[in-house]
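Colleague: Protein chains in written order, with this note's numbering: chain V, 3 to 282; chain Z, 3 to 282; chain X, 3 to 282; chain F, 3 to 282.
These are calculated hints, taken from the structure and not from any lab test. Where a beta carbon is used, it is the ideal one built from N, C-alpha and C, also for glycine. Among the hints, a few may not be true.
Said to hold, decoys possible - Dumping the calculated SDA-like pairs for lysine to any residue here, alpha-carbon to alpha-carbon at most 25 Å:
1) Lys-124(X) - Asp-193(F)
2) Lys-124(V) - Thr-154(Z)
3) Lys-265(X) - Pro-162(X)
4) Lys-124(Z) - Gly-156(V)
5) Lys-124(Z) - Leu-129(V)
6) Lys-276(V) - Glu-205(V)
7) Lys-124(Z) - Asp-132(V)
8) Lys-265(X) - Leu-32(X)
9) Lys-276(Z) - Asp-159(Z)
10) Lys-124(X) - Gly-250(F)
As the list claims (entries may be wrong) - Some chain Z residues close to chain X (C-beta under 7 Å, calculated; not the full set):
11) Gly-58
12) Val-59
13) Phe-60
14) Asn-68
15) Asn-71
16) Glu-74
17) His-78
18) Asp-126
Said to hold, decoys possible - Label pairs and their computed distance ranges (CB to CB):
19) Gly-93(X) - Asn-196(F): 32 to 42 Å
20) Asn-196(F) - Ile-92(V): 49 to 59 Å
21) Thr-40(F) - Leu-271(V): 56 to 66 Å
22) Asp-235(V) - Leu-129(F): 53 to 63 Å
23) Leu-129(F) - Asp-159(X): 23 to 33 Å
Spelled out, the chains give:
There are 4 protein chains.
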Amino acid sequence: MCRWLAYTGSPVLLSQVLYTPVHSLIDQSLHSRLGAETTNGDGFGVGWYDATPAPGVFRSIEPAWNDQNLRELAGHVSSHLFFAHLRAAIGSAVQQTNCHPFRHGRWLFMHNGFLGGFAAIKRDLVLAVDESLFPEINGTADTEVLFYLALTFGLADDPPDAVARAIGFVEACGRARSIEYPFQGTIATTDGENLWAFRYSTEARSRSLFFTRDVRALRQQYPDREILREVSDDARLVVSEPIGDLPGAWIEMPEASYGVVSKQGDQLLPFVPKPPSKAT
Amino acid sequence: MCRWLAYTGSPVLLSQVLYTPVHSLIDQSLHSRLGAETTNGDGFGVGWYDATPAPGVFRSIEPAWNDQNLRELAGHVSSHLFFAHLRAAIGSAVQQTNCHPFRHGRWLFMHNGFLGGFAAIKRDLVLAVDESLFPEINGTADTEVLFYLALTFGLADDPPDAVARAIGFVEACGRARSIEYPFQGTIATTDGENLWAFRYSTEARSRSLFFTRDVRALRQQYPDREILREVSDDARLVVSEPIGDLPGAWIEMPEASYGVVSKQGDQLLPFVPKPPSKAT
Amino acid sequence: MCRWLAYTGSPVLLSQVLYTPVHSLIDQSLHSRLGAETTNGDGFGVGWYDATPAPGVFRSIEPAWNDQNLRELAGHVSSHLFFAHLRAAIGSAVQQTNCHPFRHGRWLFMHNGFLGGFAAIKRDLVLAVDESLFPEINGTADTEVLFYLALTFGLADDPPDAVARAIGFVEACGRARSIEYPFQGTIATTDGENLWAFRYSTEARSRSLFFTRDVRALRQQYPDREILREVSDDARLVVSEPIGDLPGAWIEMPEASYGVVSKQGDQLLPFVPKPPSKAT
Amino acid sequence: MCRWLAYTGSPVLLSQVLYTPVHSLIDQSLHSRLGAETTNGDGFGVGWYDATPAPGVFRSIEPAWNDQNLRELAGHVSSHLFFAHLRAAIGSAVQQTNCHPFRHGRWLFMHNGFLGGFAAIKRDLVLAVDESLFPEINGTADTEVLFYLALTFGLADDPPDAVARAIGFVEACGRARSIEYPFQGTIATTDGENLWAFRYSTEARSRSLFFTRDVRALRQQYPDREILREVSDDARLVVSEPIGDLPGAWIEMPEASYGVVSKQGDQLLPFVPKPPSKAT
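Starting from the given sequences, assemble the full structure and let the hints guide the process.
Modeller: In C-alpha cells:
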C-alpha cells in the first residue's frame, strides 16, 4: 500500500537518499514497481535523529513528488538515522496524524501493509492499549494502533518480542471476528540507536522488503558511485522496494523474518507472532 | 472556543447568511467579540440539507476568512436548513475529521466548548459508544465522541433526552477522574426537519447562545432589510454570537436551557443533564 | 498531462458523471490509460453553471481520488453544464490558482497539454494580454495566460477565432524563440450556453479527445443504463479519455479540429491557428 | 499587515527565537499588538542559512500558531542567520508561492506592508523586471515583484541602492497612475552574510520596526536570561514588533531609515527612494 525507507550510517543529507538515486523513493511515490498500488500519493512523512533528544518528524498530506517543503527539508537536514514513508491510504482519512512514521518519545514506527478488517477489531485493539498511552493516539490509522499495542507490550525493552506480541494479539482479535488474514506488511522501528525491520503476513505472502549488502562490497562493485564513497562502512538501507540502479546491491528479506541493525552487529532472524496466552 | 450558526426557514443561498451581514460569521472567524478566543482560524465546516437523503458536509482546515472554496460553495448552494461552524482548536489536531459539523445518516451535530480533561476521560467515553457505531468515529475531537455518545443514548429517538444522558455521562466520568467542570458549551443538532440547540456547562457559566426573534416582528422593525423580506415567516437563526446590526433582533438563550425549532412550534425549556443510573 | 471532462445536457448530479461510470474521471486521477502521465494528482477543479450569473468553481491542490469535499459537492450539486479537470503539473506550482477551469465572468476555460518553452515566452505572452485584463491573472499556469490571450483576442465574441488567434500568437512567439512545438493540447471553453472543444498541436500529434454519440442511439444500444434514460436527448460529454464501459459510445475528435455543442446544433470543423498579421 | 523577524548571531535553534519568548512571533500570529491586523494567519515562511550554498525555505499556507511541521522544523534546525514571516494577506491569494521570504540564489527578501494600488501598476512593474529574471517569478504577491525589481536594480551589488531604486520606481509608477501612497512597509534582505532592514512609506507613516540593543548590555540588564548567555556578542534581532518581555531591549528604527548588520560593524542610515532618471 505504501513505500518506505530506513537509513542508518554516517550522517548524510536526506536528499542524497530520497531524491538522488534512479527510481528513488520520491519516484516511487508516482511510479512504484513492486507496490500493491503504483501511486503512493496520500501523504508522506520523514522522521530523523540529530543531537536533540527526540527525533524530528515532518508529515504532510500532499503527494511527495511535488512537495516543495520536503525538497527543502531534505536538502538541508542531515541525519545518521532516518525514516521516510509514502502513504497510499486504504481506509483511514488522509490527514497528517495518519501519516507515518509515528513517534513516541525517542521511538519511530512505520508500516507498509494493513490490519485486515480493522474496522471490526479496532475497538478490541484500542481497549488493549495501556491506559496511560491511550490519550496519545492522535490519529485513526491502523498502524498507529499497532504501534501503541507494541508500546504496551514492551517495545522499549524488547522490540522483537513486543512486535511479535502485538501482531499475535491482532491475529487473535481478527480470528475471533472471523477475519482470515488479520495482518499484512513490513514494519520498521527504531530508538535512534538500533533499527528493527519486520516482514510478515498471516497469509504468508508478505509485502516486499529489501536491505543493502555490506557497503564495502558495494564500493568494490561500484567504485564510481560517490554516495558509496561518502557513507560509512556500516551504512545500511532497508526499503520496501529497491532504489537506485545497482544490480546486486539488494538482498530480499525472507518471508516471516526480521532484521536488526545495531552497533553490536546485524542479525537476520525468523519472525513468529506470539498469540496472547489463554490466561489473559 | 468556536463560533457557530444554524439556519432554518425558506431556502436561501448560504452566502446571504454567512457573508452578507455586518459582523457576519465569516467576520467572526477573524474578530469574534464574545468568544473565548477572538480568532477562530483552525478550520471550519458547513452542513446543509437539500433533496438528497443525507446532508452535504464541506469541511476545511483553512481559516474561513480567506477560503475561496467556501465563498464559491456559499454563493451557489441554497438550503432550507444548514449549519456552519468555525473552529478554534484547543487540544485535538487541526484536520478535516475534527471539523464540525459531524454527520451520521441524516443527523448533523456541532458544538462550541469542550469536554474538560478530555484526555483523561476519553477512553471511558469511547468505551461507552455503541460497538456498531464505534468504527464510524473518524477523528479525534471531543465533540465527535460526544456526538457518538448521544447517538448511543438515542439521539434519533429523543434528542433532548439523549443529549442530557450524554452530558450526564461525561460529567459522571469526569467527576470519577476528579475533573471539576467536565462539560462546557453550546450544541446544535438536527435531523434535517427539526433543530435542537443546547446551552449548558457544569460550572453554570456557559458559552453564549442567541436566537432570532419572530421574523414578522423583525420585518416591522426593519422594513428596509431585503433579507427579512425574502425569508419565510418561520425562518430562525441560532448563533453563538449575534451577526448583523439589528439591535433587538436577538434573544439570548438562558443558562442551562435548550430550544426546539420545528414545524409543530418552537419551544424553550430548561436543560438538566441525566447522570447514568447507578445500576449501570 | 491532465484529464478533463465537459458535460452539457439536462441537469444531473455531478457525481453521476464524475464517480459512477467504470473508469470514471476520478479513477483516471489515479490510473489514466491514455494520458501522457498515468497519475493526475496535482490538484483538480470543477466549474458548474446554475441559476446564478457566474459559474461556481471549486478547486483544490489535493489529489481528486481521495478528496472528501469533492465527493460531497458532487453528490449535492446538479448542473446542466459543467467542467471537471484533473491536473498533472509539469512546470508551474501546485496551487489553487493554477488549477483549471479558469473563470472570467460567465466564461470557463480548461486545457490538457502545455505551451512549449513557456518560461522563455511567458513575458511576450503576458505583455500581449489586454491591460484591463492583466490584473485578473491570479496564478502562474501557462493555460491561464492562454485564456487571457483568448479573452484579449475576442473570446466572448467569436470563440473559435479567438482561440485560433491565441494559439497562432503562441506559435509565433515560440518560433521567434526557436521553440519547435509551441502548442500542444485540447481545450474546452464555454459561456454557460454553448461549449467549444479544440484539439490541436503544433507537431500534429495532439492529446486525445472524445465526445459521445447521440444519446438516442446510445439508449437503443444500452437500454439498461439508467444514466442514459435520465439525461436529455441533447446530452453530450466531451472527455480527454473515455469514461464508462460503453463500447461504441465515443467518437474521437480528429487531429486539428474543433467542435461546437449548442442549441443551434452541433458542429465539427477543422482548426487552423491564425498567426498574427505582420502589420501588428 | 504581516509580522517578521530576522536573526543573526551565533547559531541557535529556530524554536528558541520563534517560540520561547513571551509575546513570541508565533504568539503574534494570533495576537499582534502593533500590527495593522491583529491576526496574521494567512500562511508563514522561514528561511535559514547553513553549510549548503543556498538558504533553505519552508513555507506554508496554514496559520503558524498550530502548524506542527513548523514546530518540528524549528525544534531541529539551527542557524546563524534566519528570517521568519507571518502573512496577513490583503490582495493576493493565500498560496505557498506568495509566502515570504522570497529567495533568489543566496538572497532572501521579506516585507511587511504593501504596494498601494498594486493591481493598477503591476503590469508596469513586471515589465521593468529584467527579462532573464522574469521567468523566476513564481507567485503573484506584490512583494515578490518588488524583490525582482530590486534584483534588476542591482541588489546583489549594492542592496541599499537597489532597494532605493526599486521603491523609487514603484513610487514613480504609482504617481503616474494617481496612486497617492504607492509604498508602505518594512523590508529585510540578506545574502547570508549581512543583513539589511528598511523602514519607509510614501506617506511617512511606516509600519513599525525594532532591533535589539547590544547583547552585552542586555546581559548586564538581564543576567538570568539563558538565551542572552547563549548567543554571541554580535547577535542581533530585527523585528516588526518586539518579542519577549525585556523592557529596554528594543530600539525602534526611525521613520525613513535603514540598518545594516555586518561583520564590519552595524550602521543606521537615512533612507531615501531614488526615482528613475528622466532619461530612462
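Colleague: Would you mind marking each hint as holding or not holding in the structure?
Modeller: The hints, checked one at a time:
1. Lys-124(X) - Asp-193(F): Since the Cα atoms of Lys-124(X) and Asp-193(F) sit roughly 28 Å apart, the hinted pair is violated (cutoff 25 Å).
2. Lys-124(V) - Thr-154(Z): Holds - the C-alpha atoms of Thr-154(Z) and Lys-124(V) are around 18 Å apart, at most 25 Å.
3. Lys-265(X) - Pro-162(X): holds, 17 Å
4. Lys-124(Z) - Gly-156(V): Given pair Lys-124(Z), Gly-156(V) holds - Cα atoms ~23 Å apart, limit 25 Å.
5. Lys-124(Z) - Leu-129(V): Between Lys-124(Z) and Leu-129(V) the Cα gap is close to 12 Å, so the pair holds against 25 Å.
6. Lys-276(V) - Glu-205(V): holds, 16 Å
7. Lys-124(Z) - Asp-132(V): holds, 13 Å
8. Lys-265(X) - Leu-32(X): violated, 35 Å
9. Lys-276(Z) - Asp-159(Z): Satisfied, since the Cα-Cα distance of roughly 16 Å is no more than 25 Å.
10. Lys-124(X) - Gly-250(F): violated, 51 Å
11. Gly-58: holds, 4 Å
12. Val-59: holds, 6 Å
13. Phe-60: Interface hint status for Phe-60(Z): holds (5 Å vs cutoff 7 Å).
14. Asn-68: Check failed: Cβ of Asn-68(Z) comes no nearer than 11 Å to chain X, outside 7 Å.
15. Asn-71: holds, 5 Å
16. Glu-74: holds, 5 Å
17. His-78: holds, 4 Å
18. Asp-126: Status violated, d = 30 Å.
19. Gly-93(X) - Asn-196(F): 32 to 42 Å: holds, 34 Å
20. Asn-196(F) - Ile-92(V): 49 to 59 Å: holds, 52 Å
21. Thr-40(F) - Leu-271(V): 56 to 66 Å: holds, 59 Å
22. Asp-235(V) - Leu-129(F): 53 to 63 Å: Cβ of Asp-235(V) to Cβ of Leu-129(F): about 58 Å, so the range 53 to 63 Å holds.
23. Leu-129(F) - Asp-159(X): 23 to 33 Å: Check passed, 28 Å falls within 23 to 33 Å.
Violation of the numbered hints given earlier is confined to hints 1, 8, 10, 14, 18; the remaining hints are satisfied by the structure.
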